[in-house]
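Q: Produce the complete structure using the sequences and hints provided.
Just so we're aligned, residue 1 is where the sequence shown starts under full-length UniProt numbering, counting upward by one.
Think of the hints as simulated: they come from the structure by calculation, not from any bench.
Bear in mind the structure is a predicted one, so any value in this text is a computation, not a measurement.
By construction, the Cβ of each residue, glycine as well, lies at the ideal position given by its N, Cα and C atoms.
Careful: at least some of the hints might be erroneous.
What the hints assert, rightly or not - Computed beta-carbon distance windows for the label pairs:
#1 Ile86 / Asn17: 49 to 59 Å
#2 Cys63 / Asn22: 44 to 54 Å
#3 Phe119 / Pro47: 15 to 25 Å
#4 Met25 / Arg83: 46 to 56 Å
#5 Asn84 / Asp44: 28 to 38 Å
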Amino acid sequence: MLFFNVPYVPMVSERFNHIIGNLDMKISYTGTNKLNKFIKVHKDSLPKNAHNNVVYKISCGDCDASYVGQTKRSLKTRIGEHRNHITRNTIQRSVITDHRLLDHEFLWDDVEILDEEPFLSKRLVSEMIFIKRQVNSLNLQSGTENLDHVYTPTIEKMIKL
1 MLFFNVPYVP MVSERFNHII GNLDMKISYT GTNKLNKFIK VHKDSLPKNA
51 HNNVVYKISC GDCDASYVGQ TKRSLKTRIG EHRNHITRNT IQRSVITDHR
101 LLDHEFLWDD VEILDEEPFL SKRLVSEMIF IKRQVNSLNL QSGTENLDHV
151 YTPTIEKMIK L
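A: Structural data, given as structure tokens:
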């Protein structure tokens, strides 16, 4: 049996409930008017590079390639690591370093935060989805192997949006 939680919409929800009544599903409804829509906590907003627990995207300034990653630490720390990796004397290079060695440079000051998620497992799924959604990805795609293939058609539809 499948369980779904969907927003309650008068008249539509009743019809929807009638339609799925014969299926092996249970639906619960939530209200759309919640207090957090009306009550806002006024905190100072953090600069983008101070955010942590994020999925981020770094775009190349010389072509349409991009890299998606995730970090628990501050975005500034992780981006600094990517940026400085090229100066390390190591045999194992990152995909970002390989791309930079082709005389391409990334837009380090225009890193895009795609998602903020404090839970690692959810953040990893979010990262996999954003990697799959990229058009010209530098990611190796090895991390996306854990994403069940059931989701592939949905992700492909999201790409077209």
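Q: Look at each hint and say if it fits the structure.
A: Status of the hints after comparison with the structure:
no.: 1; hint: Ile86 / Asn17: 49 to 59 Å; in the structure: 57 Å, holds
no.: 2; hint: Cys63 / Asn22: 44 to 54 Å; in the structure: 52 Å, holds
no.: 3; hint: Phe119 / Pro47: 15 to 25 Å; in the structure: 23 Å, holds
no.: 4; hint: Met25 / Arg83: 46 to 56 Å; in the structure: 49 Å, holds
no.: 5; hint: Asn84 / Asp44: 28 to 38 Å; in the structure: 29 Å, holds
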